[in-house]
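J.: Go ahead and model the full structure; you've got the sequences and the hints to work with.
Protein chains: 2
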Amino acid sequence: MNREIHLVKRPEATPTHEHLNIVEQSNPKPEEGEVLLRTLYVSVDPYMRGRMSDAKSYIEPFQLNEPISGGAIAQVTESRSEQFNQGDIVTGALEWKEYSVADEKSLRKVDPSLGPVTTSLGILGMPGLTAYFGLIDIGAPKEGETLVVSGAAGAVGSAVVQIGKIYGCRVVGIAGTKEKTRYLTDELGVDVVINYKNENVAQALEEACPNGVDVYFDNVGGDISDSVYPLLNKFARIVQCGAISSYNTPNDQGPRIHMQLIKSSALVKGFTVGDYQERFSEGFQHLSKWLQEGKLTYEETIVEGFDQIPDAFFGLFKGENLGKQLVKVADPE
Amino acid sequence: MNREIHLVKRPEATPTHEHLNIVEQSNPKPEEGEVLLRTLYVSVDPYMRGRMSDAKSYIEPFQLNEPISGGAIAQVTESRSEQFNQGDIVTGALEWKEYSVADEKSLRKVDPSLGPVTTSLGILGMPGLTAYFGLIDIGAPKEGETLVVSGAAGAVGSAVVQIGKIYGCRVVGIAGTKEKTRYLTDELGVDVVINYKNENVAQALEEACPNGVDVYFDNVGGDISDSVYPLLNKFARIVQCGAISSYNTPNDQGPRIHMQLIKSSALVKGFTVGDYQERFSEGFQHLSKWLQEGKLTYEETIVEGFDQIPDAFFGLFKGENLGKQLVKVADPE
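For the protein sequence lines, the chains are Z and A, in the order given.
Going by the working numbering, the first sequence opens with residue 1, and the numbers climb by one from there.
Going by the working numbering, the second sequence opens with residue 1, and the numbers climb by one from there.
Just so you know, the hints here were simulated from the structure itself, not pulled from any lab data.
It is possible that part of the hints are untrue.
For chains that are exact copies, the list does not tell them apart, and a pair is met inside one copy or across any two.
Quick list of in silico lysine-lysine cross-link-like pairs, BS3-like style, CA-CA up to 25 Å [to be verified]:
no. : residue 1 : residue 2
1   : Lys178    : Lys197
2   : Lys9      : Lys263
3   : Lys263    : Lys318
4   : Lys178    : Lys29
5   : Lys295    : Lys142
6   : Lys142    : Lys165
7   : Lys328    : Lys29
8   : Lys197    : Lys9
T.: What follows is the structure, encoded as structure tokens:
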């Protein structure tokens, strides 16, 4: 039998085990042009929370009593496609199943010579591209400017802080554990790290940004962002990548930001990585090059076991992950 | 004696007569390179409320027990400048005084052949340029798109709705009196006008924007804007020109907008007209041309008497003005 994880109830606030169920189904069979896949790694990402609601969004909501889907790495165990052979490692948006069938058009072969296959879900995948396009295209950082990054130790944030350093910025990171602040300072060379769980963020930010804030790459929204707006310099750019503090808070309220934006002639731009689909190869090239040159590094938090997927997902909202959160489901054969 | 209006107390909420005082001073004398001016018209503008506070902003706060200053039209009564002759009509940022002395460098001659001199404070002045650059540069409207304008019957808004029509947009205006909605519909050709004082704005907007909102030119912020965000189309642009509903509300709270911006990959850009100083002649040329072609029209609300300036200013926050609010202080000689 094949296990899969279904959305069985739409969460109104924080998702828990009552919203996701592991169910058993018989093994699927590939048709012509399809492959049977054995899931190796599953990516859990904050944006998936949005798809669990049925509010209007840029992406279809997950269906009730159907499997969740998202970025994954898998191995072809049976191929009815001319593009893939048995044993190939592939990536794509796959359902949360131990075994799944996928159309050949929805998959991309992973080249293991570029690095560990898991990088295709992290620094060389969606989070890396999100960091690259958000920071470069919206943030437009210039040498000597001050870049503030919230959620700095996550999959996206940890790439952003490093790209910020490559561009010559003074980088201030905000994170929530000692392990994360140490990682950001000691391994990624972030200039100042603020631990929002035990510091007065507004005061710490003011001290950390004596020349104000030019670029704010925001993954979290909420109170933390409230502390950044008053420090915005003229023509500041806010990259609105995520707002994880709001995802589980219906009708989240806070200070209105209109006046701050007018006073500083600042820009806020929301985006999703799909907006840059036509430029993915540009982003991929830059990220691979920096990775090879040692200018870019990454961290993964990997838990093991298909049944650990829900908890790994829930953990994102508690800030448990350092770098990319993955679940290892099986070893390649 | 010369009357002038001083800021005598900084308002924390709505400004009233306790914050402004009319005081008498002896007549000033021009030095070399200066002129003595008789004030003809004074412009009262919502942005002035910001300068009455001493919070960090793009512009210096007004000083306590000193005159307020702002856009005005005046006549030269005594010239010690080679650039200006007695009798010339000029405009510039002048202090709220019946007679004032100004440096020749701070003044610009008004050409009465372009239209009534008052247009230099309205459609051919700061409000017109604000409408032009905000809409064209930030809003970037395209033919067939839906443009929503809040504060649509004000000096800036009424120019924005017309430029939107010139660009081929479906224009939805939001205003607060019957007179204003009639003006917008009958005289400016706005497609749908919503009276926020007696309609359910969220519902009316949804009906008025069956294809969503592509550009939102926001003069008011607050509840009205809250109703616009859920309707934003992918890649919508929000022109954050003003937020008059917040000016008198310290610590104004509302729903956080991060998620709406991410879902629609929308942009919000704050600005002030000064950001476009180097392009003023471009804006001026377009506005004059449209005015001459009859594609652009304007309305003025003019009250008479120097002592009416405070009430005219307070009236802005009650939505009393149709088009540009001016105070006529004297006739030219």
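J.: Does each hint fit the structure? Answer for all of them.
T.: Each hint tested on the structure:
no., hint, result
1, Lys178 / Lys197, "within (10 Å within a copy, 52 Å between copies)"
2, Lys9 / Lys263, "between (44 Å within a copy, 22 Å between copies)"
3, Lys263 / Lys318, "between (34 Å within a copy, 23 Å between copies)"
4, Lys178 / Lys29, "neither (47 Å within a copy, 66 Å between copies)"
5, Lys295 / Lys142, "within (18 Å within a copy, 42 Å between copies)"
6, Lys142 / Lys165, "within (10 Å within a copy, 38 Å between copies)"
7, Lys328 / Lys29, "within (23 Å within a copy, 83 Å between copies)"
8, Lys197 / Lys9, "neither (31 Å within a copy, 40 Å between copies)"
Of the numbered hints listed earlier, those contradicted by the structure are 4, 8.
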